[in-house]
Structures are given as C-alpha cells and as structure tokens.
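For the record, the sequence lines run as chains A, B and C.
If you're matching positions, the first sequence starts at 1 in the working numbering and goes up one per residue.
If you're matching positions, the second sequence starts at 1001 in the working numbering and goes up one per residue.
If you're matching positions, the third sequence starts at 2001 in the working numbering and goes up one per residue.
Careful, some of the hints might be misleading.
Each pair of labels, with its calculated beta carbon distance range [what the hints assert, rightly or not]: (1) 1466(B) x 282(A): 17 to 25 angstroms; (2) 282(A) x 1098(B): 54 to 62 angstroms; (3) 126(A) x 2153(C): 53 to 61 angstroms.
Bear in mind the hints are in silico, worked out from the structure with no lab data behind them.
By construction, the Cβ of each residue, glycine as well, lies at the ideal position given by its N, Cα and C atoms.
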Amino acid sequence: MAGILTYALHDDEGNFNKNSLGAISEAAKLAGQIGGDAGVMVVGDIADDACAALGNWGATKVYRAKDVPEGLAQPIVDAMAKVISDEGFSYALFGGGLLGFEIGAGLTARLNAGVTMEVTEVKVQDGKLVAERPILQDSQIADVGYVSEPGIIIGRLNAFDANESGGTAEVIDVQVELSPWSTKAKMVQRGEQRGADVNIEDAEILVGGGRGLGAAEGFKQCEELAEAMGGAVAATRAVVDAGWYPYAAQIGQTGKTVAPKLYLAAGISGAIQHKVGMQSSENILAINKDQNAPIFEFSDLGVVGDLHKIVPKLTEAIKAKKGG
Amino acid sequence: MPTSPSEFPPPFDPADVIGPPTDAEDERIEVGIAIVGGGPAGLACANKIMQLLENEPELTEKLGEVPVAVIEKGKVAGAHLLSGANMKPSAMEELFPDLPKEEWPVFQEVTKDAVYLLTSKAALPLKPMPPNFRNHGNYVTSVSKLGRFLSDKAEEAGVYILSETAATKLLVEDRVVKGIRSGDRGRGKEGEELGNFEPGSDVVAKATVLAEGTVGHLTYAAYDYFDMHGADPMRWELGVKEVWEVPKPLDRVIHTMGWPLRKSPRYNEFGGTFIYPMGEDKLCIGLVAGLDYTDATFSVHDALQLIKTHPFIKNLLEGGKRVAWGAKTIPSGGYFAMPKRLAVPGMVVAGDAASMVNVPTLKGVHYAMHAGMYAAETIVESLKQDSVNFEAYDEKVHKSLIEKDLFESRNMRQPFSKGFFLGGAMASAMTVTKGNFPGGHWKQEHDSEVEMELGKASDMYVKPDNELTFAKLDSVFLSGNATRDDAPNHVRIQTKVPREIAQTWVSMCPAQVYEIPDEQLENGAAEVDVHVTASNCVQCGAITAKGGRLTLPEGGDGPLYQET
Amino acid sequence: MKICVLVKEVPDAAVQKRIDSSTMRLDRSGEKNLNPFDTHAIEAAMQIKEGGAIPVEEVVAVTMGPDSAVRALHKAVALGADRSVHLSDDALAGSDVCATGYSLAKVLESEAPDLVLLGQQSDDGECYTIGAVVADHLKMPSLTQVIKIDVADGKLRCERQAEYGYDTVEIELPAVISVGDAINEPRYPSLKAIMGAKKKPLDAKATGDVGIEGGMVGEGGSKTSVLSLNPPPAKQAGEIIEDEDTNETVEKIVAWLDERRLI
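Sequences and hints are given; from them, build the entire structure.
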C-alpha cells in the first residue's frame, strides 16, 4: 500500500474549498516522503480542466465520481472506500471542516481503520505517518501512530496551508455503487446564508471588544475594523452582561472557544475566563491602555495605548493598503 | 465620616423564607426525615439514622419509601465544603467503629506542630506553643473529601442524596416544621421563567434537620421566626485557602500569627494562617481573619497572596504549583452565639449554623458530626413515639463535649479587639484557667456594626505574578465555579452606599463579586454605586456578616471544590 | 418508534484533566458527570416524544463505560428516558474511536432502534465523530452537528451548519443523528424524577451478550496508538509597543500584520 488520498470539497459552482486545497498540498508533501500518489477524490460533474488543475496544489491523480452527489458524507464514504481499496492508498487525509469529519469517521468504520481528528501537524517516522493532535483543551499534544493501514487523518480547521506548485493531475473517472443507506439522506437546501449570523467559530480573523471600549458605541469601531480586515466581531462576558453586544459573540469559559488566524483584542484585560476561549489563536494582537493587563503576557504583539485613537487609524490604514 | 454596614440593611425579609406548603397534597414529595445540608453534620446524622433504623423495622416502615433525604445545593456533597482541617477523631470513631483508619478520607495523623509569629522578614517560633494550637492525635483532612466519603456511605445505606437542590423555604404550619421547599431552576436575570423553567417542590417530612453550615439560609431565618437567637449575635471569620502541589513534603502542621495583620486595636485585624501537609506531594495554606476589622481596604485574599511572599512561606512552596483555591466563612461567635434552643417542634439545628465552632482551637468538624449523631438518636427515639418534640437533643448537646469545650473558650475570641498583645495575653490566661479567668460574658457585637474607614491595608498588597500570587478572578476560575451568566442575582445588598461601605464589600469579597464603576472610583463622591457580578460568587457567606445577605442561587451553581 | 440516546460519563468540566503517563490514558479518577452535549440529545428525544408527530414507545439511554457510568444513566433517566442499558466489560478498556464505534453499534443492534440520538462531542474525547462511525456499522443514514429536527411523514427534516452555510436535509428512518448544543435548552429534572431514577430498569451487558468480538476492541483491537505526549510548543514572548506617535504605531501594526499574511 502507498500514497495518500484526500477529498476536494466544492460548492455548487465548482469552487474548491480552501481547507481541501490545504489538504492536497499537505498530502503531496507527505507522499513525496513516504512514496506513492497524492490522490484526490472529487464528486459531482466537475470539468476535466478544473480537476486537472488540482495538480497545481500537488495532486498527481484525481478520481472523479460524476454521479455521486456532493454535500453529504455517506455517498462520498462509498466513493473513497472504493478508491482506497482498489488503488491501495495507505492514508486518507482531510482538511478541516464538517464533511471531512463525517467522511473520515464513516471510512473508519467501513475500513476498520484508525482515525485521528483535530490534527495540527503530520510528520513522517520510519516511512510512516504520525499525526499530532492537541488534547485536553489544547493543554497537551499527543503523537498518534497507526497500527495498520489505511490510516485516517482529519485536520483541524486551517491546519494545512495551500501551496501552489504548478503542475497538472491525471483525471480518472470511477463508477461507484452507493450503499442503500447513502441514498436515504437528501439535500433539500445547501449552504443557506442567514443574515448577519456570522459564525465566529469559523472566522479566520476576530476583533474582540472588552470593557476598555467604554460603552456599547465602542463596538462600532470594532465592527469597522473587522469589516476592513474581512473578519468578525467577538466580545467578553463583561460587555455581554452589560448589554453592549449579543451573547452569540461571547468568547470564554461560558461562551465560545475560537482559534482564528488572528485575534485582535481591543480593551480586553485578558482574565483567564476569557483567555481560555481564545488562547489557541494563531496570532494575538492586544491593544490596551493598561500596561499591566494580563493579556500582554500571552499576546504576540501588545500595544499599550488608547484604542480609541489607534483603532480608527488602523482601520483606515488597512483599508488603504487593501484598496491600493 | 465613618459609617457601619449595619446602617444599610439588605433588601431581605427572613419571613419570605418561611411559610406553609403550597403544592397540592398529591404533588408534595414525602420523605421520612429531611436533612438540609450535605456537610459533616448532615451526613453524620443521615448515616447514624440508617444505622439505628437497622434495629427499628416498625419505624422504618413508618418512614416510607424514602426514609432519609439529604438536600444539598452543591453539584455533589463536598462541592461547597471548605475548611483547614485538623479533625479530632472522636466522631469518626463513634460513627464507624469498625472502619480501620487506613480507610478514613484523611491525609495523615498530626505528629508535629509548630506556631510562628511572623514579622515582615522573619518567622519566630513560639515556644512553648500556645496550647490551643496543639493538634497531636488529630487528622489532617479535607472536608470536601470527607463530604464525598460520608455521602457515598450514606447512599450505600439507602439515603437519597438530592444534590444540585437548594432548600429555599422552610415549611411551617401552626408553628410546627413540616419540611422544606426546593428552589426553582431555570429563571433568568430578572427572575423571569425561562424556556426550561422547573418549579421547586414541597418536600414534607416528619422531622427536619437544618445542617446548612455557615451560610445558614433557612437556619438564621428560623432563629428570627421561632425566637431562637442566642445571647450574642452570630459573627464570622473569612478563610481563603489554596492547595499546592509541592516537591518538598511538609512534615508538620503550622500556624502563624502576626504579619501582615496589624496589631493595633484600631484595626482589629485578628487571625492567622494555617499550613497543613496533605500527603507526600501536596500542602494547603490559608488565611483566616475576623470580619470585624475596621479598614475598608482589607482583603483576606490579597493578604494571603502577600503572605506567600514571606521568605519562610515562599520556601515551603518552592517549585510548587497551585492546584486549588476556595473561600468560606467560619462562625466565630462561639458559646454565646449558640441559639438558646436547638430544637423546635419538627426541627433541630446542628453544626456550624448553630455556632458549634471553637475558633481558638480551630475545631468544628467533629462537633458538627457529634451533633448530627445526637440529632439522629433523638429523632429516632421521638418518632418511635410518634412525637416531633426533639427537646431531648438540646439536652444531649448541653451535656456533651460540644458545650463543655465551647463554654471554656467562650470569651477567648473577644479580647483580640484590644489588639494583638493584650488580647493574646488575656486569651492565654483564659486557656490556662480553662475559661475561669475572667469569667462572665464578654459581650460581642455583629460584624456589620463595626465602623469602616478607608485605610491603608491595601498599600501592602502585591501585584499578582501568576506563579506564586494570583488575582481574584483567576482564583475563582480554579474553584470550579461555572455558574450560569444569566442566573438571577442571589446577593441582597443596597446598591447605593457610602464609599467606605462599598469599598468594604469590594475588598472583602474573595471572588470579586462587588465593583465600584470605573468612573466613580476617583471622582471623590461620598456615595457610590455597587455593581454585583453574582455569577462569580463562591457562596463563602462573608456578605451576610458585613451588612448584606447571601441567599441561595439555583441548585448546582457555585464552586466544585475537590480537596479543600 | 424506539429512540436510543447514546450517553457518556465524562470528567466534570471543572476538574483539572490529566493523562496518566503510565497508561497514556485519561486519568478518570476525579469527579464525573453526564456529558453536557448528551443532555441536549435527551432533550431532543423528549421533544420528539412529546411533539406527537410520531408515536414514541420508549426512550432508552445507552452507555459504554465502567461501573461509575451508571450515574450518567440515572441522570438520563431523571431527564426522561424510560430505561437504560449499560455496556461494561474490562475487555473494552483502551478502545480507540474505531473500536468504540464498533462496540456501541453492536449494543445498539441488540436494541434495534428507529432513531439514535447523541451529543455531537464529548468533553474528554473531543472527537466529534462517533455518530458517523456508529451509523456506518448500523447501515443507517446519519448527520452530525444538527441544530434543528422536525418530524413529518415518518421522516426527519434536519438543519445543520456546514462549510458553506446552513444545510437542510431530509433523512429517512432509521437514522443516527448527533446534535449540537444550539438545538435546544435542556430541561431541569424535577425532584420527583431524580428520586425515581434508580427504580427504572437498568440492563447491564457484557461484550459476549451483544456479540462483540474481543479482537476488535480494547487496546489490542485499537488501530491507533498514542506514541507520546508533549507540552505544546512554548509561546515566544510577545513584542510590546508603547503608543507615542499613533501614526507610527499604526504603521508598525500594519507591517506586523503584513509579515504574517493576515491582511
């Protein structure tokens, strides 16, 4: 057995999901070390050149199942199980996202395989893959090895970077017989956007506001900054309690836990009740006028100053940079 | 302008907490004996009753499907228990005579004792050791663990432990206690009923035991209603405690006095620290201070953080890691604050809420358990004759070591209002003469009647470094407190008060429940607002001592102490 | 219709979790509680039963765990389940996701439910997937992270948030659904229900009773193994800027963001 099979999720217009592209790049990198193909599973009627273009992220072979519906996990479990068995892939690798979890889990049962989820890094040891995953609310990292093949690796959101390398992939059509239960779930409506309901847990950039904003109006600045950066707004418990912002945006011990690429904390002291909700953010930028605020102990960049002066100027500067 | 918290009584009427059953008769839950409080007193009582019932088949039948129910507001019995503690073994020996000591929920027997007087730099051993601190033969235990142990034993014996259940009302009809009412769950911040609202239930019982501990929600209201108050008002000390994992095991029980508590009678800062070993790899350290201090900026939590920086103490914690934190009050009124009657028709009171605590010797756990057992004996005997007159319990307690010990130390706490040196001398004289000097009754006043002034106690406090010293919010987190953010506010205080009173509450509270709004901190106004973040509350009870009233949050809320 | 709710006993959120370094497994000696997400699953089952769109004969709580797991079952019953099933066997200790999913599927097979509900994740495993593993073994359609369930014409209409927004999916019974915490607000048990919980029927089952093959479970039957545990990489001490000239400060911030490809 050799090689790694990934899954390329796409929307109804055929645009491939960023986390899937990341998974393909990761698979290509790893396959280069352990040998074998970097295969990609694509379902639905996607054009030849779009499939072949996945080679740009490192795919060597793209297996296309035209008649398998996109958007629900179980038909794709059927498809990938077939390809893994027929082609002898050693691993299945998924980028972060709900479907990756569901498909990976289904394959675990179907192929009687080992599975690791929330994986943040994959390394090669003695020609085999070892998955690293945080456990116990990110307090420790476990190295998980696979006792048999195939092994299933499900990445954490945004864990794998998409790297373009130039190249095209071979496109192979496969026929898949769906299991009886795979046809018992029907998509009635896919991907409905609901108003301003931004799910802060999926946002890559968050601007968090705390008591330092001074008043509910202070959140306008946060919203403008978030908009300029393409992110969403979050809040601490104290300001939600005070009615300055809705509970859906609350982060912390009694709110949501997030791990965005950037968490910009404006006027937030960094008490542990809030910290536990955002400490795994990749980059933490804090603005606070109190130089002794605990947040400066774990921020990557701390700015001691008046956020009312800094935030509006920062918003302007970012708009200018993006516009220019 | 010095004022005292008692001038601003809380918006709370004890009469609201007492009343007849309101559920339809077939909706009420019937139990044989209802015990309020899953602490040492309540659980010793529950266990003892089941032991006695083994020989009382007729009574067991009369008590019905649920002979004994313990109503406990914490997530489990032990979740809200916190104490030192060096437990005298007599009660455990009496309750479980066949249980070998290896199976007791204790850490170790005390073999070495030491008392130190701290100055800001040194620790002077006090020799000979003041006799009230001698603990040889006692066992270092965690009451939180003891609670879980006694609760498991009770369940095995057939007791129903109803945890996550608050007893919010005492059911009384024709001046006979008929049981309790459990609290509602699922109300919002303004008290409105939320989607998953579940009303409480009337739990009717033939006998009710109030073993609520220092918070005494129903107990103190019952004292008013049934005119049970003792000669002196209840008073309290506040203890803040931490558990540390340490590389160097501690080989002795340590008590300290002195620094940073100030010695002058003007400040009235009475108290000291305790440092107890907990097996090979842990120790606990706590500061206990009387709540009759006069400086509004005094904070027990911060004083504890400061004490840890003392070279003697820092050395004990070297290389260690803080793993637990908690806070709770201890009733310190002693003998004269005990209610004048311990029983009324249908009900008895036992343990801390009945002031059965000997503060000079720091003992209360075994008294609570003994009282619980006396209550069990009396109730079983009376119910056998179909009587709810439990006055025999009063007699048992008065003839017992509880009364004897508390009487001896009845005036020992009071002298310290004269300051450290004079107070210490007088207390020693009392110990030596077994309470005969000076005799009589040194009257006490309620802690809230002390006049507060904005002083300089907080000037000494240190900024937390998050390795040795910690802020209040970080500490609340470590207590396992996970109260719902939109829960109703259970703290009763007046919210517009003179600055000295507000500051008293802000500094006193170990969990940072009270805050003065930022913009009012420096504005020089004489009166300020007080903002309450009830969800931080660890239910220590200090606010009841200092002019407010702690009522009960929903069952299951509050800390989840593991080994405090 | 028979609904089975899969529940799990997990360490209480307040307990400091640690791994026993000798076994590389979670030290489960502290306080335990019913997994909070499972209370949402039980509530969902009760709402379907009380909703009346489809008659529900019984709601059965099912768990796989050591002796202490009966407390989770008592809680589930206090919340409304009619009876419970406890799969407990030393042979199961150390099972990974693959082995656990297989074991749960076998015990569910013996109950032959029309609907299996469970919470979308557990506080200790943080895996989010057991429902999908179980469903494949049971050969049933499945969805995870469901935040709305409507019953109509013997089918379920479910909503869940996926990569592109909200999906509405129609699922035929029998099915396996894992629910997110946004789906409902679980009720509090009444005192009467709590006191009555111990009297409801509880069936204890061992691996042999439900046809679990020893070689497929436990540490020996698991397909992954934890090789080592390490503390997370130490965070580099951050940079601190004091704002004196705000224009300059903003320039520095933008440069920092740019360096990290955040804008």
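Here is what the structure says about each hint:
1. Between residue 1466(B) and residue 282(A) the beta carbons are some 23 angstroms apart, a value that agrees with the proposed interval 17 to 25 angstroms.
2. A hinted range of 54 to 62 angstroms holds for the C-beta pair residue 282(A) and residue 1098(B), which are about 60 angstroms apart.
3. Distance hint for residue 126(A) and residue 2153(C): a CB-CB separation of about 55 angstroms, consistent with the stated range 53 to 61 angstroms.
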